[in-house]
Structure formats: structure tokens, C-alpha cells
Amino acid sequence: MIKFVLMVNRRGQTRLSRYYTPVELSRRAALEADVVRCCLSRRKEQCSFVEYKDFKLVYRQYAALFIVVGITDKENELSIFELIQNFVEVLDKYFSRVVSSCAIMFSLDRVHFILDEIVQNGLVVETNRSRILTPLNAIDKMSDS
Amino acid sequence: MLQHSYTHTAMSPSVPLQEMIRAIRSARTQCEERGVIQRECAAIRAQFRQADNGGRSHNLAKLLYVHMLGYPAHFGQMECVRMIASSRYSEKRVGYLGAMMLLDEKQDASLLITNSIKNDLSHSNQYVQSLALCTLACMGSAEMCRDLAPEIDRLLRASNSYIKKKAALCAVHIVRKVHELGELFAPAARSLLSEKNHGVLHGAVVLITELCERSSESLERFRKTVPDLVQIMKGLVISGYSPEHDVAGISDPFLQVRLLRLLRILGRNNETASDAMNDLLAQVATNTDSTKTVGNAVLYETVLTVLDIKSESGLRVLAVNILGRFLLNNDRNIRYIAMTSLQKIVGTDHNAVQRHRGTIVDCLKDQDASVKRRALDLSLALVSASNIRSMMKELLLFLSSCPPELRSQAANGIFTAAERYAPSKRWHIDTILHVLITAGGDVRDETVPNLIQLITNTSELHCYTVHKLYRALLSDISQQSLVQVACWCIGEYGDLLLRGDCQEVEPMQVCEDDVLDALETVLQSHMSSTATRGFALTATMKLSTRITDNVDRIRSIVSIYGSCIDLELQQRAVEYNALFKKYDHMRAAVLERMPVIERNSSGLINGDPTGEPVKEVQPSKVKTEVSLPLPQAADQTCDLLDLLSSSEQQPQSPPAAGSSILTQPLGTDCSAGRDLLDLLGGLEPTPPPTAAPTVTVYEKDGVTLTIVCEKQSDSAMTVTLTGFNSSDCDVSSFTLQAAVPKSVQLHMKAPSGDSLPAGGAAKVTQVVLLNNPNKVNLKMRIRVSYSCRGSTVQETVQVDSFPGL
Chain S
1 MIKFVLMVNR RGQTRLSRYY TPVELSRRAA LEADVVRCCL SRRKEQCSFV
51 EYKDFKLVYR QYAALFIVVG ITDKENELSI FELIQNFVEV LDKYFSRVVS
101 SCAIMFSLDR VHFILDEIVQ NGLVVETNRS RILTPLNAID KMSDS
Chain Z
1 MLQHSYTHTA MSPSVPLQEM IRAIRSARTQ CEERGVIQRE CAAIRAQFRQ
51 ADNGGRSHNL AKLLYVHMLG YPAHFGQMEC VRMIASSRYS EKRVGYLGAM
101 MLLDEKQDAS LLITNSIKND LSHSNQYVQS LALCTLACMG SAEMCRDLAP
151 EIDRLLRASN SYIKKKAALC AVHIVRKVHE LGELFAPAAR SLLSEKNHGV
201 LHGAVVLITE LCERSSESLE RFRKTVPDLV QIMKGLVISG YSPEHDVAGI
251 SDPFLQVRLL RLLRILGRNN ETASDAMNDL LAQVATNTDS TKTVGNAVLY
301 ETVLTVLDIK SESGLRVLAV NILGRFLLNN DRNIRYIAMT SLQKIVGTDH
351 NAVQRHRGTI VDCLKDQDAS VKRRALDLSL ALVSASNIRS MMKELLLFLS
401 SCPPELRSQA ANGIFTAAER YAPSKRWHID TILHVLITAG GDVRDETVPN
451 LIQLITNTSE LHCYTVHKLY RALLSDISQQ SLVQVACWCI GEYGDLLLRG
501 DCQEVEPMQV CEDDVLDALE TVLQSHMSST ATRGFALTAT MKLSTRITDN
551 VDRIRSIVSI YGSCIDLELQ QRAVEYNALF KKYDHMRAAV LERMPVIERN
601 SSGLINGDPT GEPVKEVQPS KVKTEVSLPL PQAADQTCDL LDLLSSSEQQ
651 PQSPPAAGSS ILTQPLGTDC SAGRDLLDLL GGLEPTPPPT AAPTVTVYEK
701 DGVTLTIVCE KQSDSAMTVT LTGFNSSDCD VSSFTLQAAV PKSVQLHMKA
751 PSGDSLPAGG AAKVTQVVLL NNPNKVNLKM RIRVSYSCRG STVQETVQVD
801 SFPGL
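Protein chains in written order, with my numbering: chain S, 1 to 145; chain Z, 1 to 805.
For the record, the hints were derived by calculation from the structure and aren't laboratory data. Computed from a predicted structure; not experimentally measured. Hints should not be assumed to be uniformly reliable.
Stated by the list, open to error - Below, in silico cross-link-like pairs of lysine to aspartate or glutamate (EDC-like), each with a Cα-Cα straight-line distance of 20 Å or less:
#1 Z:K763 <-> Z:D714
#2 S:K93 <-> Z:D366
#3 S:K44 <-> Z:D368
#4 Z:K196 <-> Z:E143
#5 S:K3 <-> Z:E213
#6 S:K3 <-> Z:D104
#7 Z:K106 <-> Z:E151
#8 S:K44 <-> Z:D366
Claimed, not checked - Partial list, computed: chain Z residues near chain S (C-beta under 8 Å):
#9 E32
#10 A61
#11 H202
#12 G203
#13 V206
#14 L236
#15 I238
#16 Y241
#17 F254
#18 N330
#19 N333
#20 Y336
#21 K365
#22 Y561
By construction, the Cβ of each residue, glycine as well, lies at the ideal position given by its N, Cα and C atoms.
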């Protein structure tokens with residue numbers, strides 16, 4: 001299962017963090033800093049899977065944004081790799097422009113809602129792009145009217 | 001962005017989320033940022049205290065942002081609760097999000113939202129229902145789960161697909177919290193498998209996976225669904241292009257992966273289920289497009305499944321070949337996971353993996369550290385008798401350039417491999433030397449005694465070994481393990497070194513001064529540890545019998561260290577000095593060549609490898625060497641266990657007669673102790689304490705041996721052996737030896753004495769400490785030997801039952 005999802009920029013500032021296993025607030029900052037340092041220090045030739053403590057990290061870089069997903073041992077790393085790509089494509093479709101660190105920041109709650117449609121409780125719930133966005137589009141229409 | 005107007009308060013204006021974010025970002029220092037945030041939090045708090053206004057939801061949104069940055073936001077918890085209960089959807093939404101982020105089941109506030117969740121689960125609006133489901137799945141406590149489980153079950157059966165898929169995952173959370181509720185969801189889960197909607201299918205598969213992992217009855221029950229699952233999977237693989245589910249040419253790869261994982265769980269250890277899925281797996285393995293990552297993800301999952309269930313051999317070979325193909329893939333991610341999978345099966349499908357050995361060894365040179373680590377693990381697992389030479393070449397090459405965190409693992413792996421498959425002794429010694437020279441600092445402690453043991457066992461190579469080690473010592477004295485072994489060998493085989501006539505190495509004239517210089521450098525160098533210096537001092541001492549001219553130099557070195565600050569070295573030096581002065585006649589015997597050390601079967605050697613001189617006097621053991629490095633202790637254990645089959649004793653060179661004199665120099669500090677014990681023995685009342693019963697185990701001609709047992713702890717006990725002489729002739733040299741089963745640890749303390757005068761005037765007691773951690777059946781064999789009337793008596797008795805236990 002998925003333990004957490006983080007989005008950080010190149011300087012290591014967290015843009016989005018979602019935990020699916022309970023982690024104390026005081027430990028979160030340290031965990032995030034450590035994880036990010038681990039991923040940022042890897043070079044281009046190294047693979048996207050890192051063994052970190054007793055679980056694994058899968059990360060992908062999109063321009064200035066790093067998306068890091070922490071997973072348990074039993075999860076298929078390649079499928080999580082693809083999941084990250086899927087997530088980014090959904091965000092692109094919703095915001096109808098290339099996702100950047102700033103866009104995430106200013107619409108944080110929307111991004112959370114999208115993430116909730118994809119991952120629930122540490123498990124993948126929906127991967128079809130249009131189906132993920134249907135509720136959000138409906139809500140937007142409702143709140144506009 | 002939520003379109004709400006913000007309200008001004010009398011105290012301070014609250015700003016929209018975007019402006020706050022901008023303000024935070026523009027703060028140039030941490031302090032400034034904290035100031036901005038504190039101001040905002042104060043404003044937010046004030047807003048919360050006020051009555052309902054339109055700006056509540058975006059205040060909470062601001063709070064969540066602040067929370068993400070790591071600042072405390074617990075004052076928002078009650079606001080979340082209030083907002084969840086609101087009727088406005090936008091407020092509910094932010095309220096639930098806040099609940100998921102700020103609350104967990106340990107907080108009191110979470111109880112307050114139970115009712116809201118319950119109501120919202122049956123709300124008319126599906127999006128409200130989904131919010132409740134999501135939150136329940138995220139932070140529902142066990143009571144909440146128990147409460148709401150029937151509701152979830154209802155939703156699983158009768159609602160639209162959007163809700164069904166969320167309810168399925170909520171059910172997963174409930175099952176995790178309250179295991180027994182798995183039974184409740186099983187029928188609904190089964191029926192969900194016939195849905196067409198992929199989201200629901202996905203949820204159903206996940207739920208079934210969770211149920212099967214939790215209980216074996218569920219596992220049995222769901223095995224019947226294997227045909228259905230195979231059908232669904234076939235549909236995905238064969239079906240044509242479907243725009244709804246397509247990801248890079250594969251139809252819903254996420255669902256495929258999940259299905260494969262479930263099939264794996266169902267097929268494990270079950271022949272029928274595995275048979276049913278054989279065809280499907282072969283089909284997926286051959287038809288899936290492997291040019292893109294998605295395809296490879298599915299293939300990877302397929303391989304894992306094939307290898308885990310009881311598949312036929314053709315399919316397994318196919319799977320391993322897929323992994324082999326992965327190894328050659330350009331994408332390093334794929335190489336990495338191929339190695340991980342190969343690692344898991346190298347034990348079971350060894351031959352299949354061997355075929356890809358070449359590629360694996362090449363990966364040792366990969367750039368990525370994780371790939372290198374995996375390649376090392378695999379390479380070590382693939383070493384066998386047939387490929388040992390070539391593999392070792394590669395491994396040694398790797399060792400010289402590998403990253404520091406992998407060095408110790410590599411060195412130890414090389415040692416184990418060399419031990420198991422060495423084609424010749426000389427090769428073995430060469431390999432170990434090579435490793436010590438390259439990575440001597442990273443090897444385990446047992447390496448030194450193991451190597452010494454190996455060297456003594458290879459008598460034909462003593463000359464060669466000592467030459468090589470001497471040369472290594474001359475070039476570098478920083479690697480402690482290497483220096484220790486070298487010193488030991490030079491001390492032991494110094495005469496061979498000086499003779500200089502070895503065919504296998506280039507001739508090198510070594511004179512005595514050179515050797516002594518080398519040893520002195522080690523002694524004086526600040527890089528040498530205490531243990532190493534101990535080795536060097538002992539070696540110097542041993543050379544005194546092997547060289548002819550410079551004995552005086554050795555004498556002076558030894559006497560200098562007699563005033564060394566280090567206690568260990570000082571003691572050694574003093575004893576050696578004594579050997580020079582008072583016992584010079586024995587020096588040759590004492591410093592003779594060591595006997596061949598018997599290999600300890602487990603490869604683990606007890607005792608202290610730093611080679612302290614053995615100070616304990618145990619008259620039951622014949623101590624031949626004065627100061628030895630570790631192998632001494634190995635002698636001890638072997639002897640003790642071999643007590644029972646003692647027809648061929650361990651080779652011990654000096655005659656037993658020398659033993660009693662030998663023990664003197666060591667015993668000078670112990671004999672005082674012994675006297676003390678005797679003194680105490682005299683003071684103690686002679687009749688044994690009534691607490692523990694005494695059992696007579698041996699009796700002959702008036703000489704009796706009794707034992708008294710006392711339990712000290714769960715696995716430890718003390719046995720006191722008492723010898724008594726009621727005959728009318730003196731008994732002298734009364735010694736006891738004991739042996740116990742292999743897993744029991746035995747420690748014999750010094751006996752009170754060794755003579756039993758006639759008429760029972762005095763007795764001999766000896767305490768034995770036993771530790772029986774494995775709780776095996778405790779037996780002890782005791783050998784009694786003494787001389788009486790000029791003849792030696794030796795008897796062995798076996799004690800099977802211990803009273804007082």
C-alpha cells in the first residue's frame with residue numbers, strides 16, 4: 001500500500017503532502033526533509049526506486065517538481081511509477097495547463113480532492129482520467145451556479 | 001479557487017488564501033515567515049470564534065496550508081467538526097478534508113464527527129456520500145467501523161458505481177481495523193466481480209485481496225472465483241483498443257496488475273487453482289507489449305505470480321527469461337526490479353538464473369548504487385564450484401572499486417564463497433590475502449582466527465604464506481587484520497622466512513634484523529591497535545627460539561614493554577621476561593611450533609580472538625602453550641566435547657609431566673586464590689546444606705563422588721562435585737573432567753584441591769556452572785582420575801538425572 005504522497009520543489013519545499021499511515025506532526029518535517037534529500041541527490045543515471053529505511057520510495061521529476069510516493073515492500077514499483085504519471089496527466093487535464101509548483105500551491109485543496117479520487121486509504125481507487133474528474137467538474141458547476 | 005468573498009473583522013483583515021500564500025512566499029527569513037503565519041493564525045482563530053459567515057471554508061483552507069508547512073493547527077479541529085455538520089457542500093468538503101488532515105482516531109474531536117458521517121452516508125447527494133466514505137476510510141476508529149459496517153455493506157450492494165468503488169475501499173479499511181467484519185463483506189465482494197465498471201472491479205479485487213490475506217477460510221472460499229478472474233483478465237488482454245481504459249496501448253494496466261496479484265494469492269500452494277491460471281499467465285506473458293513501462297509493469301507482476309504459484313516448469317522458464325530480458329533493458333528501473341526478482345528465486349530456480357550470470361556480473365559495474373547492491377547479492381548467490389575462479393576475479397575487481405557501504409558485505413561474501421568452493425588451498429590463501437590487502441578494515445573479527453586456522457592446516461604452503469605476508473607487512477601496516485595474521489605467521493614460521501628457499505615466490509634474502517625491524521615497527525606504530533601489538537610482541541618472543549643471533553635484541557624489546565602503560569602488553573612482557581630469566585630451560589618447549597588446529601565445525605569460535613594469555617588454571621585441562629592467540633579456546637571446546645571418545649587425544653606436544661610445572665608461572669597469581677578457597681573450604685561446615693539433596697554418583701574402594709545441584713535461573717544451574725576419601729590410603733592428583741551435550745554450556749571452576757588424604761580428613765569440591773538455553777535433556781559424563789597406592793585409577797560415570805531440578 002501507499003504510505004504517503006509528497007510533492008516538493010527542487011529547493012526541498014513541500015508543496016503537497018498526504019499521509020496514509022499515521023505519522024506524528026513533529027516527525028513529518030524531518031521525514032519529508034530526509035526523503036527529499038534522498039531523492040534530490042540522485043543523479044540522472046540512477047533508477048527511480050530507492051530503498052529507504054524499511055520501505056521504498058518511487059519518485060519522478062517533472063521540471064521543477066518532484067513527486068515522491070512511499071510504498072510498502074509488496075507494492076509493484078513499476079505500477080506506482082505509472083500511477084504518478086497518471087496523476088500528473090489528470091492534473092494537467094484539470095488545470096488545462098502544464099502543472100507547475102505554483103499552480104499546485106494556489107489550488108491546494110483542489111489537488112487534494114483530485115488525489116482523493118485516485119488514492120484512498122493507501123490504495124488506488126480509480127485510474128480513469130475522465131472518471132476521476134467527473135465529480136470535481138460537477139462540483140465546480142454547482143458552486144458556480 | 002473557491003469563490004467566496006472575505007469579510008473584514010474589526011481586529012485584523014483576513015486575506016484570501018492566495019494572498020496569504022504570496023505573503024508567506026515573499027517572507028525572506030524563517031522569522032518573517034513565522035510572523036506572517038502567526039498573524040494569519042490569529043486572524044483565523046478570531047474568525048472561527050465568530051458566528052457563521054461566508055468565509056469559513058477558505059479560512060480552513062488557509063489553516064490546512066499552514067498545517068502542511070508544519071505549524072500547529074489543532075485549534076482548527078473543532079471548526080472542522082462544525083463545518084462537516086454544515087449543510088453547504090463546499091463547507092462540508094473542506095471540513096472533511098480538514099478532518100482527514102488534522103484529526104486521527106486518537107483525538108477526542110474525531111468522536112464528534114461520527115454522527116455526521118453516519119448521516120452523510122445516506123445523503124441524497126452522491127458526492128456527500130463519497131466524502132463521508134473517504135473520511136471514514138481514512139481515519140475511522142474501530143468503534144466507528146463496527147457501527148457503520150452494515151451501512152457500508154448496503155452501499156456495496158445497492159448504489160451507483162461511483163459509490164460502490166469507494167465503499168469497497170472503505171470496507172478494506174474496516175476489515176483492517178476489525179478483522180471479524182471480513183465475514184460481513186465477503187458475499188457482497190463476490191457479487192461485485194460481475195460488475196462492468198472498472199473502478200468497481202478494481203475496488204472489488206482489492207477488497208477480496210484484503211479478505212484473503214486476513215483469513216484462510218476466505219481464501220478457500222474465494223478460490224472458487226479463480227475462473228471468473230481469469231475470464232476478466234482474458235477480456236482485458238485480448239480485447240481491442242478501448243479508449244476508456246487505454247494507457248499506452250495496454251487496457252487498464254492497473255486493474256491487470258491487481259488481478260494478477262490476487263491470482264497469485266489464490267494460486268499459492270494450491271495445485272488446482274494454479275492449473276486454472278496457467279494458460280492465462282502464458283498468454284499475458286507472451287502477448288503483452290514490452291516496449292513501454294506499462295507493459296513491463298504488467299509483465300513484472302506476471303513474473304512474480306508465475307514464480308509464486310505452483311506453475312509448470314515451462315512457464316517458470318518463460319518467466320525467468322522475461323527477467324533476463326529485463327536485465328538487458330536500457331531503463332535502469334527495469335534492470336533494478338529484474339535483479340530484485342532474481343534475488344528472490346535464486347534459491348529455488350538456481351539453474352535458470354545461472355543462465356543469466358554474465359549479465360548480472362556486468363551489472364556490478366552499473367552506475368546506480370541500488371543496482372550494484374543487488375548485483376552483488378545475486379553474484380554471491382550464484383557462485384558455484386564450476387565458476388568460482390572467474391566469479392572471484394570479477395568480485396575482487398568489484399571490491400577494489402566498490403562504494404564503501406558495500407565493502408564489508410562484499411568482503412564477507414567473498415570469504416564465505418572462497419571457503420565453500422576453493423579449488424585449492426593456495427588459491428584460497430591468495431584470495432583471502434588479496435581481500436585483506438584491499439579491504440582489511442571491513443572484514444569481520446572472526447576472519448583473523450579463521451585464516452590462521454587455514455594456514456596452520458596447510459603445512460605445505462607455510463613457506464609461501466609467510467613470505468607473502470612478510471612482503472605485505474613491509475608495504476602497509478594499517479590494515480589491522482592483515483597485520484595480525486602476518487605477525488602471527490612470522491612468529492610461528494620465522495625460521496622458514498629466514499631460510500629464504502621457497503620455490504613459489506621470488507627469492508628474497510631476509511635477515512633477522514629485517515624481521516625484527518618489521519615487528520618493531522608494528523609495535524611502535526600508532527596505527528596498531530592493542531590487539532595487534534599483542535600479536536607482534538608474542539611473535540617477537542616466539543622468534544627467540546627460531547633465530548640464532550639476535551636473541552639479546554629480543555630480550556631488550558621484551559623488557560622495555562615490561563613497563564608499558566597498556567596492561568595487556570605489560571603483563572605479556574613481564575611473563576616473557578620471566579620466561580627468559582627463571583625458566584629459560586623451558587623456553588624452547590614452550591615456544592615450539594603450534595599443533596594443527598582442529599576445525600571447529602560450526603565455523604564459529606568461542607573465546608577471545610585477541611589472544612590473551614590464558615590465566616585460568618584448570619587442572620583438568622592440560623595447558624601446553626603459555627600465551628596463544630585464539631585457537632587455544634577452540635582447543636578447549638573440542639577437548640571437552642571429545643572427552644567421551646578420547647581414544648585419540650588432540651595432539652599435544654609436550655608431555656603431561658610438564659604441565660604441572662607449566663601451570664606455575666601462570667598460576668602464581670592463581671595459587672593464592674586457591675589457598676584462599678581452601679581456607680574458606682575449611683571454614684564452611686562440612687555437612688552439605690539440607691536444601692538440596694546429594695547424590696552419590698561414583699563409589700569405589702572408599703573414594704566417593706557426590707553431586708549437589710542448584711537451579712540458579714531458568715536455564716542456568718550449578719552442580720557441586722564433592723570428592724571424599726574414606727579409605728585408609730591417600731589419594732592424590734584427584735582430577736575431574738566433565739562433558740555435557742552439545743547445546744549446553746559448561747564452565748568448570750577451579751577445584752579446591754587435588755588430594756584426598758586417608759580417612760576423610762579433607763574433601764575436594766569443584767563447582768560446575770551449566771547453562772541449558774535449549775532445555776535439552778541434561779546428561780553429564782564425569783571422568784574421575786586419581787592415583788592411589790601408586791597406581792592410577794580412571795573411571796567414567798554418567799549422570800542422567802539431576803536431583804533438585
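Results for each hint:
This hinted pair does not check out: K763 (chain Z) and D714 (chain Z) have alpha carbons roughly 30 Å apart, beyond 20 Å. For the hint linking K93 (chain S) to D366 (chain Z), the alpha-carbon distance of about 38 Å lies beyond 20 Å, and the restraint is violated. Between the alpha carbons of K44 (chain S) and D368 (chain Z) the distance comes to roughly 10 Å, so the proposed pair stays at or under 20 Å and holds. Pair hint K196 (chain Z) plus E143 (chain Z) does not hold up; C-alpha atoms about 33 Å apart against a cutoff of 20 Å.
With a CA separation close to 19 Å, the supplied pair K3 (chain S) and E213 (chain Z) stays within the 20 Å bound. The straight-line distance between the Cα atoms of K3 (chain S) and D104 (chain Z) is roughly 15 Å, inside the 20 Å bound, and the hint therefore holds. For the hint pairing K106 (chain Z) with E151 (chain Z), the CA-to-CA distance comes to about 23 Å; that exceeds 20 Å, so the pair is violated. With a C-alpha separation of about 13 Å, the suggested pair K44 (chain S) and D366 (chain Z) falls inside the 20 Å cut-off, and the hint holds.
Because the beta carbon of E32 (chain Z) sits about 15 Å from the nearest beta carbon in chain S, more than 8 Å, this interface hint is broken. Checking A61 (chain Z) against chain S: minimum C-beta separation of about 5 Å stays under 8 Å; hint holds. Of the supplied interface hints, the one on H202 (chain Z) holds, with its beta-carbon coming within about 7 Å of a beta-carbon of chain S, less than 8 Å. With a cut of 8 Å, the hint placing G203 (chain Z) at the interface with chain S holds, because the nearest CB-to-CB distance is about 6 Å.
With its C-beta approaching chain S no nearer than about 5 Å, V206 (chain Z) sits inside the 8 Å limit, and its interface hint holds. A cut of 8 Å between beta carbons decides the hint on L236 (chain Z): the least distance to chain S is about 13 Å, and the hint is violated. At a threshold of 8 Å, the smallest CB-CB gap from I238 (chain Z) to chain S is about 20 Å, leaving the interface hint violated. With its C-beta approaching chain S no nearer than about 15 Å, Y241 (chain Z) sits outside the 8 Å limit, and its interface hint is violated.
Against a cut-off of 8 Å between C-beta atoms, the interface hint on F254 (chain Z) holds, since the closest Cβ of chain S lies about 5 Å away. With its C-beta approaching chain S no nearer than about 11 Å, N330 (chain Z) sits outside the 8 Å limit, and its interface hint is violated. For N333 (chain Z), the shortest C-beta to C-beta distance to chain S is roughly 5 Å, which falls under 8 Å, so the interface hint holds. Taken as an interface hint, Y336 (chain Z) checks out: its beta carbon lies about 5 Å from the nearest beta carbon of chain S, inside 8 Å.
For K365 (chain Z), the interface hint is violated, the least distance from its beta-carbon to any beta-carbon of chain S being 12 Å, above 8 Å. Evaluation of the Y561 (chain Z) hint against chain S yields a violated restraint, the C-beta minimum of about 48 Å exceeding 8 Å.
Hints 1, 2, 4, 7, 9, 14, 15, 16, 18, 21, 22, counting from the list given before, are not met by this structure.
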